[in-house]
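*Asks:* Single-letter residue listing:
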Amino acid sequence: MSGHAVPAVEARGVGVTLGGRRVLTDVTLSAAPGQWLAVIGPNGAGKSTLLRAVAGLVSREGEVLVEGTAVDDLRPRRRARLIAYAPQSPALPPDMTVYDYALLGRTPYIPYLGSESARDREVTRSVLERLDLDGFASRPLGHLSGGERQRVVLARALVQQAPVLLLDEPTTALDLGHQQQVLELVDRLRLADDLTVVTTLHDLSLAAQYADALVLLAAGRAVAAGPPARVLAEPLLTEHFGARVRVEPGPEGRPVVHLVRPSISSMVEEA
Amino acid sequence: MTPARPRGRALLVASAVLVASLALGLMAGAAGISPRAIALALLDRLPLVSVHSGLAPVEEGLLFQLRVPRVLLAAVVGGLLATAGAGYQGVFRNPLADPYLLGAAAGAGLTVTLVVVFLGGDAGVTAVPIAAFAGAVGGVFLAYALGHTAGRGGGTATLVLAGVAVTSFLTAIQTFVQQLKVDELQRIYSWILGDVGGGWDQLRMIAPYAVVSTVVMLLHGRLLDVLSVGDEEAVSLGLRAARVRFVVLLAASLATASAVAVSGLIAFVGIVVPHVVRRLAGWSYRIVLPLSFLGGAAFLVLADTIARTVLAPAELPIGVVTAFVGAPFFVTVLRVTRRVET
Numbered sequence: 122m123s124g125h126a127v128p129a130v131e132a133r134g135v136g137v138t139l140g141g142r143r144v145l146t147d148v149t150l151s152a153a154p155g156q157w158l159a160v161i162g163p164n165g166a167g168k169s170t171l172l173r174a175v176a177g178l179v180s181r182e183g184e185v186l187v188e189g190t191a192v193d194d195l196r197p198r199r200r201a202r203l204i205a206y207a208p209q210s211p212a213l214p215p216d217m218t219v220y221d222y223a224l225l226g227r228t229p230y231i232p233y234l235g236s237e238s239a240r241d242r243e244v245t246r247s248v249l250e251r252l253d254l255d256g257f258a259s260r261p262l263g264h265l266s267g268g269e270r271q272r273v274v275l276a277r278a279l280v281q282q283a284p285v286l287l288l289d290e291p292t293t294a295l296d297l298g299h300q301q302q303v304l305e306l307v308d309r310l311r312l313a314d315d316l317t318v319v320t321t322l323h324d325l326s327l328a329a330q331y332a333d334a335l336v337l338l339a340a341g342r343a344v345a346a347g348p349p350a351r352v353l354a355e356p357l358l359t360e361h362f363g364a365r366v367r368v369e370p371g372p373e374g375r376p377v378v379h380l381v382r383p384s385i386s387s388m389v390e391e392a
Numbered sequence: 417m418t419p420a421r422p423r424g425r426a427l428l429v430a431s432a433v434l435v436a437s438l439a440l441g442l443m444a445g446a447a448g449i450s451p452r453a454i455a456l457a458l459l460d461r462l463p464l465v466s467v468h469s470g471l472a473p474v475e476e477g478l479l480f481q482l483r484v485p486r487v488l489l490a491a492v493v494g495g496l497l498a499t500a501g502a503g504y505q506g507v508f509r510n511p512l513a514d515p516y517l518l519g520a521a522a523g524a525g526l527t528v529t530l531v532v533v534f535l536g537g538d539a540g541v542t543a544v545p546i547a548a549f550a551g552a553v554g555g556v557f558l559a560y561a562l563g564h565t566a567g568r569g570g571g572t573a574t575l576v577l578a579g580v581a582v583t584s585f586l587t588a589i590q591t592f593v594q595q596l597k598v599d600e601l602q603r604i605y606s607w608i609l610g611d612v613g614g615g616w617d618q619l620r621m622i623a624p625y626a627v628v629s630t631v632v633m634l635l636h637g638r639l640l641d642v643l644s645v646g647d648e649e650a651v652s653l654g655l656r657a658a659r660v661r662f663v664v665l666l667a668a669s670l671a672t673a674s675a676v677a678v679s680g681l682i683a684f685v686g687i688v689v690p691h692v693v694r695r696l697a698g699w700s701y702r703i704v705l706p707l708s709f710l711g712g713a714a715f716l717v718l719a720d721t722i723a724r725t726v727l728a729p730a731e732l733p734i735g736v737v738t739a740f741v742g743a744p745f746f747v748t749v750l751r752v753t754r755r756v757e758t
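Line by line, the protein sequences are chains A and B. So the number in this note's numbering is just where the residue sits in the first sequence, counting from 1, plus 121. So the number in this note's numbering is just where the residue sits in the second sequence, counting from 1, plus 416.
All clues given are correct.
Here are the simulated distance ranges between beta carbons:
(1) A:Ser236 / B:Leu482: 39 to 47 Å
(2) B:Gly536 / A:Arg199: 53 to 61 Å
(3) B:Ser466 / A:Pro232: 40 to 48 Å
(4) A:Leu139 / B:Val580: 22 to 30 Å
(5) B:Leu440 / A:Tyr233: 37 to 45 Å
(6) B:Arg751 / A:Asp308: 43 to 51 Å
(7) B:Val435 / A:Asp255: 37 to 45 Å
(8) B:Pro624 / A:Ala340: 51 to 59 Å
(9) B:Pro744 / A:Tyr233: 38 to 46 Å
(10) B:Arg461 / A:Arg199: 46 to 54 Å
(11) B:Leu440 / A:Ser259: 35 to 43 Å
Cβ-to-Cβ under 7 Å is the rule here; a few derived chain B residues that face chain A:
(12) Leu635
(13) Val642
(14) Ser644
(15) Val645
(16) Gly646
(17) Glu648
(18) Val651
(19) Ser652
(20) Leu653
(21) Gly654
(22) Arg656
(23) Trp699
In case anyone wonders, no lab produced these hints; they're calculated from the structure. Built from N, CA and C at the ideal position, the CB exists for glycine as well.
Go ahead and model the full structure; you've got the sequences and the hints to work with.
*Replies:* See the structure below:
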């Protein structure tokens, strides 16, 4: 990753207050074009809020730039062509078909009172094909399994054709195999389309395996950022997660985090 | 995959049903005018067409001054209420939202009562549509504001409860006002139960509101579909969700207000018709809205036909007929949707 290029997405001094509660304070992050950035941190650290702030879904302080342009200066439709966002638990109307749902990704390209063009349909169809969803096109969303659902949400985000993809916990509620499938798929698409991916991931080892860089959030502040090997340091994790962990070097210098069960003697010690 | 043809076919079928119910509505009645004569008389009214219907002037007067405006008003009111109901359901993403649950009709009912009681006479009659509109909009926004402050995060259940609260509050005021002027009670009560016998004047009066609100709602079908995935995602897709809601809400309130102004508080059309349409034609508001208009129109024309023939020469209030069909249906819908959600 060249350090000189304009970052694909950059957030500076992001602060968010929700319902009178300070959720994020002065958070800064940056991802180079084509990079995968994972936001990690304990529950309630503000990971999802950070993603929503970058997507422009909550009012915030600070600046968000995509390819050097401040998104606050952009009209919503223009912004939606730069940033695609998939929430942790998307609302999937049970009767809507997979095709129609994916087609919603074209919304930023359709005039206010207009309707979809042939090109919108074509883009949607080709994305469904790429994600092996063409056989599901006319299936209602209510009839999908968890893994299929995640792929459909991803399809909707890809149909948006934005260079920056924000995914909030894309592996929630998926079993191991499906977690791996979804993350491999995201990685494949990232490499093929040169997408910049920002995800929240609660599984630290998964985050380390897939992301080029991590941001560790704790109590609404970015307390560490950088390559996985640097951020996933035992003292940092112990301090911010309150967990006993052992970090081992893994393949390609990507660390693996193990939970270590406190031994009986140390429990006695603590008591 | 894209239901262009089924959509066209559904619209065609619904239009045919509407035309059939209009015909039935025109034929039904005490005077016993033959269908053939009615058809000829209608043809005669077309530009460049001249046929002799064989109707006596009295019969012709009855047809064009009473029955034609009556079935048309029933159709317009039914179409407005059903489309408004579908619109509210889309805005609030709540399948049980309807104009009355959210306080629009109660608001209109209150203001119309105020106007009838305190203005009275001709001034009261001409002020009714404006009063009804203001009341309907006021009622909805009261419910909206209340639901918003009470339930952060936009819980739709909170909103319906807020609507119920606003409705009973406004109805209480309305009842109080009615008690002040008991001699107007009969007039207000029969207005509430619904009547579409207002004639051409009333039809002309609401025509502009009806056209504008219906067109605006129909144009927002796609945007309501986008809203159906939730506000946050709609916003992330570049939609100004709040603005879309506001516009549709305003149009639906205008439609409700127009309907209420000329017909009283006719029950259940706004919820029954969109639900039937969804069952038959799918989820997309692009089809639900136009089909609701056609279906609502046909439904109310038939309901009115029943209302004025069942006990002829006496008339049942039309609201009684729609509620009689609507209430059991409403319960069924509640049961079925609950089964799907859990």
